[in-house]
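Grab the two chains, each in its own frame, and use the hints to assemble them into the complex.
These protein sequence lines map, in sequence, to chains X and C. Note that the numbering used here numbers the first sequence so that position 196 is 196, with each residue one more than the last. Note that the numbering used here numbers the second sequence so that position 281 is 281, with each residue one more than the last.
Wrong hints could be hidden among the right ones.
Claimed, not checked - The calculated DMTMM-like cross-link candidates involving lysine to aspartate or glutamate, where the alpha carbons are at most 25 Å apart (straight line), are: (1) X:K92 - C:E585; (2) C:K598 - X:E88; (3) X:K61 - C:E35; (4) C:K53 - C:E35; (5) C:K590 - X:D93; (6) C:K598 - X:D241; (7) X:K156 - X:D124; (8) X:K258 - C:E218; (9) C:K590 - X:E88; (10) X:K247 - C:E585.
No wet-lab data here; the hints were simulated from the structure.
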Amino acid sequence: MSDLIKKVTALLNDKTINAFIGYEKGSANRIRAIFVRTEDQVQKLILNASCTQNLTGYLMKHEVKKLGKLGILANVAALRSIMQLASEFQIKDGEVYVLFANADGSLTEFTDFKSIETFLQTTDTGIKSEEQEMIAKLEAMTVNERWLFWNKEFEKCIKCYACRAACPMCYCHRCTTDVNQPQWIPVASHELGNLDYHLMRAMHLAGRCVNCGECATACPMDIPLNLLTYQLISPIKATFDATAGMKADAMYALSTYKPDDKENFII
Amino acid sequence: MSRIGVFVCHCGENISATVNCEKVAKITGELKGVEFATDYKYMCSDPGQTLLKEAIKEHKLDGVVVAACSPRMHEPTFRKACAEAGLNPFLCEMSNIREHCSWVHPKDDLTTEKAQDLVRVMVEKVKKNKALNSIKVPVTKTALVVGGGIAGIQAALDIANCGHKVIMVERQPSIGGHMSQLSETFPTLDCSQCILTPRMVEVAQHPNITLHTYSEVESVDGFIGNFKVKIRKKSKSLDEHLCTGCGLCTTKCPQKKIPNEFERGLGFRPAIYVPFPQAVPNKPVIDREHCTYYIKGKCKVCEIVCPTKAIRFDQEDEVIDVAVGAIVMATGFDVLKTDYFPEYGYGKYADVIDGLAFERLASASGPTQGEIRRPSDGQIPKKIVFVACAGSRDPAKGIEYCSKICCMYTAKHAMLYKHKVHDGIPYVFYMDIRAGGKNYEEFVRRTIVEDETQYIRGRVSTIYEKNGKLIVKGADTLMGGIPIEIEADMVVLATFFAEAHPKLKPVETNTAGIFLAGACQAPKDIPESVAAASGAAVKVAALFSNDELTRDPLVAVVNRSAPPVYSQCVGCFLCQSVCPYQAIEREEIKNRNGEVIKTLARVNEGLCQGCGTCVALCRTKAIDIHGYSNQQVYTEIMALLND
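Just chain C, same shape as in the assembly (with noise of 0.2 Å):
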C-alpha cells in the first residue's frame, strides 16, 4: 500500500481564483493510497518546500505529489526537497493544475474537478514509480577541435588557456583558414596577417594544444565525455622532426606552375610547398598529384638538396585514435564553384574574379605585391565593378538567405582599391546594404562619401567581354528601373560564402559535447566567429570542469526478463536505424562457457537523450523509459478512463 503526500499549490490566485485547491486537497486526501493531503498559498517558496520536507518525514511518505505549475518550472525544486528529505527525487510528480487547468478554465466547479482528476492521474503514476539513481559518466578533459582557422585557433586558444589538453585538426598543411588569405580587415583595415599569425604561432607552441595539419577526422564514435575519434594524417612526404623549414626544397622544385590555391589560382606554387611565408608549421608538403616523382617516377630534386635529409617518398598516411570529451567543429566555409555564375562569367572571363581572389591581389604578400592589376595583362582597372549579393538572397540559385558579410568586405574592397588606384572608379551593384555592426555603417558611409564610390541598387543581369572591356549590364532601381551599363576593366564578385558542413552526420550536430564555432554554422564575420569560438570554448570548460557528469536517468531501457530468455528484446535492431543519437549498442548474451547465444539491443546510458522514439517502435514493447514507462503512462491513461 502507498502513502503518498498530495501538496496543492494555490500560486498566489494563479491557481487559486479559478480552482477551489482546498477541495482539490480534500477530495484527492480520501483516494487510495494517499496518506497526506493539504494546500499552500506558494508551494515553491521556503516555508512551502519546509511543509512538504516535514510531511515526508512525518508521514512516511514513499511518494509526492505536487499540484502546482508545469514541470518545467519547478519540478527540479521540488525533486531536490524530496531528495532533502530523504525520498528518491524520482518518486516525486508534478500535476499541472495551472497552465492546464486554472488558466485555461473559468472559476467553475468543472474546473476544480478537472484539477482533481489531474491530482489522481499522478496520484496513480506516481504509485507506479522507481527509485532512480542518477547516471554518472567519466570525462576525458581534452577537446577535439576540427578546422583551423581563426574560429578554431580562438576555441583551441581559450580551452587550453583554462589548462586542458586540445587536439587540433587541420585539412590544409597549414591552419591559420580564410583569414590568413583576406589583406585588411574591416572596419578598422587591420592587417590580416598582422592580428592573426601571432595567435597561429601561440597555438603551435602552446603545451596544451597538440596540431594535426594535413590531417582529416575519419570517424567519430562514443558520446559526451567520452568520444573516440580517428584522425587520418595524410603523409606529408617528409619527416617534419628533421625539416627545419628551410624553404631550400621549394625553390629547387622543377615544377613551378601548379595554380596556387592560397592565391586563388592568381599565382603559381612548386610541387613540394609552404602555403604562405607565415604558415603554421612552416614546413613544406609535396603534392603528390602535381610531384614529377609520383608522376613519372624520377627527379627527386627535393631530396637532393634537403639538408637534413628529410624527404621521405615512401611515407604513408597514418591513421591515429585520439579520445576527447568534447568536439568543436569549426571547419568553416568555401566560395561557390564557379560553374554557379555563368551569366557572370566566372570562370571564362579571368577578370571575373570572386572576393578572396580581390583580398589576394590587394594583400601585400600577395602575387602582385598588393597592386591592383587585372588577372588576364596586368594592366591597373580603372573601370571595376563589385557585384554584391553574387548567388545569395537568389531563390532562382537556391539561396535565399543573405550571406551577411559581402556588404561590408565589398565596401571594404571598393576603398582598399580607391586607395591603391587614386583615378580609378568603383562601381558596386548592390540589393540593401546590410552594416549592422559596430562602426559598420560609418565605414559604409566614407566608402560612399569619402572614396566616392558609386553605389547603385539593382542586380546586374549579364556581363560579357566586347573589345578587351567588361560590359557590365544592370538597371538602377532607385532611377525608375533605367538600364545601366558599366564598360569595366575588371569585375568583383561578392560571391556566396557556402558554410561546410561539418563532416559529421547532420543529427549528429544534436549530440551533446559537439559545439559549432565559426562560420560552419552560417556565415559570420571575424568578430562574430571569435566570440563564437569563444562561446563554445566556455561550453567545453564547463563540461570539462567536472570529473563526472551527472545526468538525469530519464532514459530508454532494455527491459530483462528470467533465462533463457534474458532480454525481452528479439534483436531486430529497427531501434537502431531509428535513434537519432546513436545510443542502440548490440549486446552479447553469452551462456556459461562464454558462447554468444544471442545479440540484443542495449541502450547506451551517456548517449541516450530519453526522446522515446524507440519505445514507438519497439514491436515486442521490450524498451521503456525510466520515469514514464509504458505501464506508467497506460496508468495514467486508465485512471482518467476509469472515473
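For reference, chain X alone in the conformation it holds in the complex (with noise of 0.2 Å):
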C-alpha cells in the first residue's frame, strides 16, 4: 500500500476531509482525475510521472465543492493556484487539504496558506525551456507575422470551451462569452468570434495565470493557447513587479496602484 493511499485513507477515516481529488487509471493508458469518497475508491489513487495535470480546476466547480471538505493531490502549478484563488477569496485559509507530490515520490502536507507560501519562494516556478523557446520565436515575429499566426491558429478552434474548463482561473459560473444582453463575444465558431473569445481569455488572464498549460492541454485541436497567456507574464513582472500565485493575500496587479508603478505605457 503506498504513503498515498495510507495516507488519503487515514484522512477520511478521521473526517479532516470527505472528499480527496487525485488521478487514477483511465482508458487506453492515460490517467484521469478521480473523486475519493469512500474506502474502495482509495485503492484506485495512482502517483506516476505521468500524473501532471493541475487538478485544482475541480476545486471551483459546483459539483465538487457540494462534496464538502477537500484534499487534493497538487503539483507545483496547483498549489500557486491555490495561491491565486486564494488571492481571489474562492478558497478560505484551511479549507482545501493540501498533499503535494515531491519529485521523487514522497508526499508534503500543507494545511495552512502560509506553509504554501513558504514552500513556493524556493521552488522553481517558471515556464519550461521548450516553451520559452516558442515565446522567443513569437515575440521575434513581426506583429503582422504575430497576427497571422494566431489568426491561423484560432482557425481550427471549435470553441468547445474545454481550456475554460481546464483552467483553474475560469471560475467564473457565468463567462463573458455566455453573456447575451448584450452578446459581447460572437457564439458560432468562426474567425472573428473565436479570435474575439482567445483574446478575451487572455486580457482576463493578465496577471493571473500561473503557468500550469492545463488549457494548452486540454486543446483537442491542438493550439498552444498557453502561449498567449504566458507572454502576458513577463511585461506584468516588468511592469508592476508582480507574479500571481505567490502569495494569498496578494492584490491583483492591473486593479491596485502603487505610487511607484512605471507609468511609461501613458503617452
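What follows is the structure in C-alpha cells.
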C-alpha cells in the first residue's frame, strides 16, 4: 500500500476531509481525475510521472464543492493556483487540505497558506525551456507575422471551451462568452468570434495565469493557447513587479496602484 | 413597443445654421418606436419646455430624446420638465447635435445626416432606459474637524455657530497650532496671541463643540453624511475633571531640561507640562518619554503635590467611536527638518535658526521675553541675515514651488529685528519679493525704506563659522553676480513650509463629505487659512441643511440573478481594490437556515460616484452602471454600426 493511499485513507477515516481529488487510471493508458469519497475508491489512486494535470480547476466546480471538505493532490502549478484563488477570495485558509507530490514520490502536507507561500519561495515556478523557446520565436516575429500566426491557430478552434473548463482561473459561473445581453462575443466558431474569445480570455488571465498549461493540454485542436497567456507574464512582472499565485493575500496588479508603478505606457 | 418623443432644438441659429432641423425631426420621426417628433427654435425656453410637457401627456410618451446641446448644459432642465409632466426623469436623454455636430461641421447634407445618426443612437438607448429613483442618504449633523490650528478653530466656530455639533481633534495637548507660536502678524503687526487666544477659549466654551486634545484620528469609515471615526485619546496621565490647572505640578517636576517643542528647542520644559501659558485646555500632560517615573519607576512628585489628586499614572489610551456627517481636514503644516540644509549649517550651528524659532525669540512670552538674543551665547546680534526661499523654488531639493508666505514673514522678521535692535543691520537674501495681498507691498517697502533692511537678490551658497561669526556667502545678481560675503552674528532661514498630509489616503480627499481647510492643502498665510476654513464650514453647513441627501441614481449596481446563483458576481473582489471611492462592500448571501453560502460584492450607493472603473474590470460583466449599462452602451454602438 503506497504512502498516498495510507494517507488518504487516514484523512477520510478521521473525517479531516470528505473527498480527495487525485489521479486514477483512465482508458487507453490515460490518466484521469478521481474524486475519492469511500475507502474502496482509495485503492484506485495512483501517482506516477504521467500524473501532471493541475487538479485545482475541480475545486471551483459546483458539483465538487458540494462534496464537503476537500483534499487535493497538488503539483507546483496547483499550489500556485491555490494561492491565486486565495488572493481572489475563492478559497479560505484551511479550507482545502493539500498533499504535494515531491519529485521522488514522497508527500508533503500543507494545511495552511503560509506554508505553501514559504515552499513556493524556494521552488522553481518558471516556464519550461521548450515553452520559453516558443515564446522567444513569437516575440521575434513582426506584428503582422504574429497576427497571421494566431489567426491561423484560431481558425482551428471549434469553441468547445475545453480550455476554459480546464483552467483553474476560469471559475466564473457566467463567462463573458455566455453573456448575451449584450452579446459581447459571437457564439459561432467563425474566425472573428474565435479571435474575440481567445483575446478576451488572454486579457482576463493577464496577471493571473500561473503557467500550468492546462488550456493547451486540454485543447483537442492542439492550439498552443498557453503561449498566449504566458506572453503576458513577463510584461506584468517587468511593469508591476507582480507574479501570480505566489501569495495568498496578493493584490491584483491590474486593479491596484502603487506610487512607484511605471507609467511609461501613458503617452 | 416604445412611444418615444424626439425634440429637435434649433438653439437659435447655433444648430439650425448648419443642420436642417426640420429634416432631422421628420426623418427620426419615422424611426421604429418613435411616436412623436418635432423641432423648435429654443427647446430650453419656457414655451419649448411646455411643448415638451404637452407632448408627453398628449402622446403618452414613455421616453424622450432632446436633440440639442451638451447634456452638461441642459440635461437637468429637460429631466425636470419630464418629471413635471409625470415621466420618470431618467427616461429622458439628450443627443448632443450642437458641440458634436453643428458647431464642428460646415452647412452640408452630411452634417444633417450626422445629426440624424446621433438622434437615432439615442432613441435606441432610450428604448433600453429604465425608470430610476433618486437615492436618499440620511445625514448625521455632526462635523469632525481634524486639527486645532487657526483654520480648524475658524471652521469649528463657523459650523458650531450655524447650530451644528462639532467634534475637534488636536494632536497636541493644546489647540492653537502654529499661530500661537507667532510673535506679531503681518502686515498690521497685531499680536498673534491677542487675536488667537479669545478664539481658542471660544472653542473650549462653545456648547456645540466637543474638544479632544492630545488625540489622533485612527480610522475613517463610511461615506458622506455617515462617517464612522475612531479617535485615539492618548493618555494624559491626568484626570481632567479633577485637575484645576493650578500648575503646581509643573513647577515641582524634577525634570526641567527637556527641550521645549513650543519654543522650537530654544527653551526648556518639565516632563509634566502645559505647552504655553495661554493653552486651551490649560491642563498639563505627562510626557512619558521623559518622565522620571516612567523611566525609572519612582518619583511621583507631581502626584504628591497635586492638591486635587488628579494624577493618574496608570491611565491608558482610550479609543472612542464617533459618528459624523462631514469632515474638515485642517492638519496644517510642518517646517522642514534640519537635514535639508547641510550647506547652511542648520542643525550644526546654534545661531542658524528657522523662521518659527525667530518668532519665539521675538515673542514677548518667548524664551528671551521678546529680546533678540542669539541662542549660542545670549548676545544681541548686530548683523543678522535672513535667507528667503530656503528650500523652496529649488528643483535640486525636489521642491519646485513657492511656499508663498516666507517673503512676508521675512520682511516682518527684519522689521521686528530693527524695532528691537536699533543699531543692528538686517540683510535679506531673496530671489523675488512676492508681496501680493492687501497692504503687503507697502509693508515690504516699509521694511526696505524705513527700517533700512539690506535686500540682496541672490541665493546663499554656503554658511560656515569662523572666529565666532557666521560667514554667509552668496552673490548679488542685480550687481552682475558679484560675490558677497557677510560676517553675521545670526542667520534666520525662511524654511519651506511643507503641508502636513492629511492622515488619510490621498484618494480619500476625493471623497464627498471631506473638506480641506488651511495650510494642509497648500502654503497659506493666516487670512487665507481663515477664508479657506470659512469656505469649508459653509460647505459643511450646506450639507447639513437637509435631513437627507438626494443623489442622482447613476451609480454602479451588482446585477442580481435567480437562485442558486443569486448574484452574477463571483466574489473575486478585484472591483474592491480598484474602486477609488471604497464603495464596494462585501455582502453575505445566506440560505434559509441563516448559513452564509457565499460572499459577494455590493455597491454602497452613498459612496459610489458612478465612475465605472469596476464595470471595466469585472470579468463576469456582473456590474452595470444605472443609466449607462453595458446593454445601453452596446445598443448605442450597434445602432451606429448597423446603419
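Hint check results:
Taken as a hint, the X:K92 and C:E585 pair is honoured in the structure, with Cα atoms around 18 Å apart against an allowance of 25 Å. Using a Cα cut-off of 25 Å, the hinted pair C:K598 and X:E88 holds, with the two alpha carbons roughly 13 Å apart. This hinted pair does not check out: X:K61 and C:E35 have alpha carbons roughly 50 Å apart, beyond 25 Å. The suggested pairing of C:K53 with C:E35 holds, with an alpha-carbon distance near 15 Å, which does not exceed 25 Å.
The suggested pairing of C:K590 with X:D93 holds, with an alpha-carbon distance near 21 Å, which does not exceed 25 Å. Annotation: proposed proximity of C:K598 to X:D241 is violated, straight-line Cα distance about 31 Å (limit 25 Å). With a CA separation close to 33 Å, the supplied pair X:K156 and X:D124 exceeds the 25 Å bound. Between X:K258 and C:E218 the CA atoms are separated by roughly 22 Å; this keeps the pair inside 25 Å, and the hint holds.
For a cut-off of 25 Å, the pair hint linking C:K590 to X:E88 stands: about 20 Å separates their Cα positions. A threshold of 25 Å between alpha carbons decides the hint, and for X:K247 with C:E585 the separation of about 23 Å falls inside it, so the pair holds.
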